[in-house]
Amino acid sequence: MTASGIGWYGVALAIIGGALRVSTPYLFVSLGEVLTEKSGRVNLGLEGILLMGAMTGFAVGSLSGSPWLGVLAAGGAGALLGLLHAGICNLPRVNDIAVGIALFLFGMGLAFYLGKPFIAPRAAMLPALQLGAWSNEPAVRAALEISPLFLIGIALAIALRWGLANTRWGLVLRMAGESADAARALGYSVNAIRTLATMCGGFLGGIGGAFLSLYYPGNWNEGLSSGQGLMAIALVIFARWNPLRCLWASLLFGGASALGPALQTVGVTSGYYLYSAAPYVLTLALLVYSSSTRHTLAGAPSELSISR
Amino acid sequence: MNDIVQPPPCVEVRDLSKRFGSVQALCDASVRFAPGRVHALLGENGAGKSTLVKCIMGYYRADSGMIRVDGVAQAIRSPQQSRALGLGMVYQHFTLVSQMSVAENLVLGRARIPARIDWKAEHRALTEFMRTMPFRLDPARRVASLSAGEKQKLEILKQLYLGRRFLVLDEPTSVLTPDEADQVLSEMRALAERGTLTVVLITHKFREVMRFAQDVTVMRGGRILATAEAASTSIDELARRMFGQATVTTAANEARAGVPAGAYCEVRDLGAHGDRGTLAVVDTSFAVRSGEILAIAGVSGNGQKELVEVLAGQRDAADGAILVAGHAYRRTRSQMQRYGVFVLTEEPLANDCVRSLSVMANLALRRYDRPPIAWHGWVRRRVLRRWAEELIARYRIRTSSPLARIDSLSGGNVQRTVLARELSEDLRLLILQNPCFGLDAAAAAEIHAQIAKARDRGVAVLLVSEDLDEVLELADRIVVMSGGRIVHEVGRAQADRYELGRHMTRTSEAEAA
Amino acid sequence: MPSSSDSAVDQQPLTKLPAAPWSRQLSLASAPAYAAALESACLSIGALVVALVLFGIFVAVGGHDPLAVYGALYLGAFGTRFSIEGALTQASPIILTALCTAVPARVGLLVIGGEGALVLGGLCAVLCATASAGAPGWIGALVALLGGTCAGAAWIGAVGALKQWRGVNETISSLLLNYIAIALFNHLISGPIRDFSQTLKATSWPVPPAFGIGSIPGWSVHWGLVIGIGLCIVLFVVLRYTTLGFSMDILGGNRRAAQVAGLPIGRLLIVACLIGGGAAGLAGAIEVLAVHGAASESLIVGFGYTGILVAFLARQNPLAVIPVALLVGGISASGGLLQRRFDMPDATTQVLEGLIFICVLASSAFAGRIRWLAR
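Protein chains in written order, with my numbering: chain A, 3 to 310; chain B, 95 to 607; chain C, 90 to 464.
Keep in mind that the hints are not guaranteed to be accurate.
Chain A is nowhere near these chain B residues, computed Cβ spacing over 10 angstroms in every case [claimed, not checked]: (1) Gln193; (2) Gly203; (3) Ala209; (4) Arg317; (5) Gly420; (6) Ala587.
Now the in silico label distances, taken between C-beta atoms and shown as ranges [to be verified]: (7) C:Gly135 with B:His421: 52 to 58 angstroms; (8) A:Ile121 with C:Gly152: 15 to 21 angstroms; (9) A:Tyr291 with B:Leu256: 39 to 45 angstroms; (10) B:His421 with C:Tyr330: 32 to 38 angstroms; (11) C:Tyr330 with A:Val283: 39 to 45 angstroms; (12) B:Arg488 with C:Tyr330: 25 to 31 angstroms.
Hints listed in this document are in silico derivations from the structure and should not be mistaken for laboratory results.
Virtual Cβ for every residue (Gly too), placed ideally from N, Cα, C.
Generate coordinates for the entire structure from the input sequences, incorporating the hints supplied.
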């Protein structure tokens with residue numbers, strides 16, 4: 003009885019720990035996607051960007067010995083792929099969703115191609131902050147071992163929330179996403195705004211990838227991502243295009259992803275894969291609930307191709 | 095920030111002309127908009143009102159003539175230039191970002207936006223600004239939550255906030271309720287009388303001119319016919335000038351053999367929502383008999399578009415019923431074929447053609463699934479091609495081949511293609527909406543003749559038109575639609591153009607009284 | 090009528106179509122105008138050439154001789170009988186998953202759920218085969234194939250139904266359904282229907298060997314390829330020569346025109362999704378019956394995503410899907426040779442496929458711009 007008590011307590015801890023750990027890449031890709039979508043474009047290729055970021059971060063990290071340099075390089079690689087996406091979408095009659103799928107396949111191929119020599123070595127890992135040092139319980143300590151990138155992500159979510167509302171850039175970006183005609187009438191180049199937004203989104207997506215390869219799970223292989231990049235688009239719908247809600251949604255999705263492994267530790271193994279599908283089912287249910295043939299999704303930028 | 099005491103600019107145009115292809119949209123127009131007055135530009139659709147103001151606002155460049163602002167000749171090449179001169183325009187369609195707040199929309203319009211926006215200070219400044227204005231809006235409200243009237247006010251506030259003192263209002267009341275329209279216009283008049291503003295009011299409603307304008311200029315066919323003080327003229331005189339003399343009497347109306355009995359199409363208490371979610375068609379009832387043309391006359395934007403969309407199957411009715419041949423009409427393909435219902439609208443390329451398909455395919459839109467073209471679910475291409483070539487020849491559609499894409503054709507030929515498709519042999523109810531919109535006189539006459547011919551062979555024709563000449567030329571019976579309702583019905587013999595013109599603008603007058 | 094009578098009309102600005110913004114570029118191939126078909130082919134081939142040049146530069150930067158790599162690519166794809174057989178085997182499922190994107194595209198939907206429908210089709214084929222164990226071989230195989238087809242059709246049909254009745258974006262819902270299908274698949278093969286004698290990786294109960302789909306006599310290519318090619322031809326004929334195909338082209342081209350014509354829009358959307366999903370489900374069933382003999386992870390190798398590439402490269406034309414799938418299948422199959430000969434990573438072919446996809450999409454910006462084709 004006591005054993006099972008500790009066991010379930012352990013499950014809760016493992017879920018919280020998992021949420022804190024696993025949510026970081028979710029957080030970065032979803033913030034990147036929010037930025038892109040607020041400008042009126044969908045980037046479905048964040049999975050490719052995430053993998054490129056993971057590979058670049060790991061490669062630069064292991065070659066230079068500095069994991070932070072790796073994170074920066076990962077962001078740069080992501081921004082470059084974002085530029086590619088935006089450049090093609092700027093052409094007339096090109097569908098941004100299809101370009102996203104292409105970028106997903108291309109980024110994945112490129113990451114596996116360039117990353118092959120790095121599958122064996124280990125890079126210098128990002129440090130962890132031991133927020134659980136006060137506790138004697140090893141489970142608590144493990145759960146509260148937090149990456150500085152997670153904290154940066156939280157700060158970023160707050161900053162983005164504030165910046166979208168209170169800066170010139172935020173205002174113009176949102177206008178491009180809400181009414182391209184209005185933006186053009188005021189003399190702004192909608193394509194330039196969207197290109198920049200997609201590049202910034204790619205930068206954040208790349209950092210999300212670097213977290214995977216440089217912190218948790220902390221290596222580079224072809225099975226590294228479990229679709230976090232593709233989840234970004236669902237997450238953003240879930241968070242109704244609000245950066246702060248992205249934070250909560252990332253924690254929720256992270257917790258949901260941690261549910262399976264956590265239950266495994268107490269011997270519940272049967273529904274492992276079903277639990278892993280929880281975020282997707284959740285998103286689909288939300289989508290079905292909030293969609294309508296009469297109006298667009300609540301909170302969706304009006305220029306978005308998926309909301310029209 | 096905005097110098098409210100600075101007097102409004104005086105704008106004057108001299109001999110302005112503008113030509114689009116073969117159409118002389120504006121011809122030697124001269125008019126002076128005196129500062130601090132409300133000046134109405136009155137005319138039917140296509141009279142040249144929009145072309146005139148768009149030349150002033152820098153959207154078009156006039157072919158010849160001169161624009162003077164405060165006595166100085168200005169070559170206005172771009173909207174930015176006219177804005178810098180303090181000229182502003184409020185459009186029929188709103189240019190606001192609906193998911194943003196009132197304050198955000200106002201700040202976004204500014205030429206310089208601070209990198210970091212101090213919303214507290216901005217809201218304070220805006221509240222201060224609103225206090226000097228005739229109407230106020232809460233800066234924190236989202237534009238999407240504003241009513242149409244409030245949006246119109248916000249558009250006007252935005253122009254004033256940005257320091258524009260010469261305002262063109264393009265049909266401002268087309269989206270407003272009569273009460274809202276009265277309020278907005280009387281406030282504009284008050285502002286003008288305080289000497290802070292010049293207002294140019296584009297309209298085709300006499301009541302607005304008589305009540306709110308000080309000066310009025312009547313336009314027709316790209317020419318300015320007269321400019322006068324509103325107080326010194328009358329509605330009758332304005333109507334006579336605006337609608338001109340009836341010049342067209344054709345053979346279309348001769349030789350009508352007896353009035354056929356029984357309604358073929360009946361619309362009962364129909365209601366439909368417009369794009370903005372408000373009721374655009376209200377309790378509309380009418381009946382079309384076989385072998386007659388029933389015309390629905392009215393000024394654009396009074397529910398005709400929505401009515402036709404409901405009949406065509408492009409919009410769902412909110413309530414009411416449609417009966418064709420005595421049966422409830424559900425607008426399915428089988429019903430359309432059984433009852434011979436056909437539709438011809440303006441802008442056929444957007445409304446009832448498939449741009450990416452060929453002329454042949456578009457011709458076959460209604461026939462491809464019936465013999466002889468269809469054979470047990472198969473489309474017989476050779477039969478289809480021969481059939482299409484015959485139609486192309488009969489209707490003189492100018493195309494390089496039946497297989498050419500429909501959007502490679504000129505507008506007149508697209509219209510002819512649709513006409514060829516819709517005027518098929520099993521036609522029994524024809525619904526037309528501005529069928530000659532954008533066509534020249536020769537093409538229009540040809541289409542009119544076809545419509546009359548269809549009527550003569552017993553087709554029930556519903557003609558929805560904004561063109562009073564067209565209505566008077568073709569119709570056997572005329573109803574007038576205004577504010578989404580049928581407000582007047584008259585037989586062709588008793589119809590009088592001025593009477594109809596007055597009914598077309600009646601609702602607002604009735605409700606204002 | 091005077092010859093200049095239409096010039097006034099020419100000045101009228103073209104109005105925007107209310108249809109899906111990308112459907113116009115897709116339905117080109119369905120237009121009976123041969124110039125449009127020719128233009129599509131030219132654009133696709135041009136995009137292919139540009140992608141190959143970019144790929145050459147890419148491998149040259151990596152220190153390889155691009156010409157030698159092209160040669161190996163050809164050899165690995167189509168150079169020998171063995172490599173042709175490999176390409177054909179790869180192409181078989183890709184042909185079918187491409188239809189999962191190409192058919193709904195005809196009514197204006199962008200569906201990317203081929204992967205999920207394939208996986209479920211494979212799963213359902215195993216279940217049906219197990220249920221009909223003991224039946225004669227061809228009956229069992231037929232039941233399993235039908236079961237797989239129905240599972241895929243239902244899966245993507247749901248996407249169409251959600252679109253029609255709830256307005257749920259079809260791209261997003263089909264993407265999410267991919268992950269849900271894979272999770273369902275993994276759950277079942279790692280527990281409820283697991284064959285515990287297989288210890289290396291989670292594998293479902295085996296399909297009775299009698300139900301397996303054999304090879305085409307004289308070739309080591311299974312009959313699934315013939316089924317796929319046959320389906321493409323049937324669909325091409327149906328979409329081009331029947332009233333159903335005509336209706337779909339109208340709907341995909343302009344929804345408002347379809348309304349004026351009184352077409353049953355909801356039914357057409359769902360039928361297109363059912364056909365597409367059925368094709369992808371059939372692909373899964375064939376892979377299980379002809380290649381793997383059971384449902385396992387080896388079914389989830391991205392055939393669904395490659396199918397999207399093929400559909401776009403074929404400009405959503407079922408007939409063009411066949412050669413394009415052979416080409417892409419060949420590229421995939423040549424990965425092994427590139428790896429052996431140049432020690433290149435096996436993701437090399439993925440890079441090439443990604444480049445092709447990007448170039449094909451970019452090429453649609455030039456549709457209607459090629460002057461000499463417009464004659």
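field: Numbers of the earlier hints that this structure fails to satisfy, in rising order
entry: 1, 2, 3
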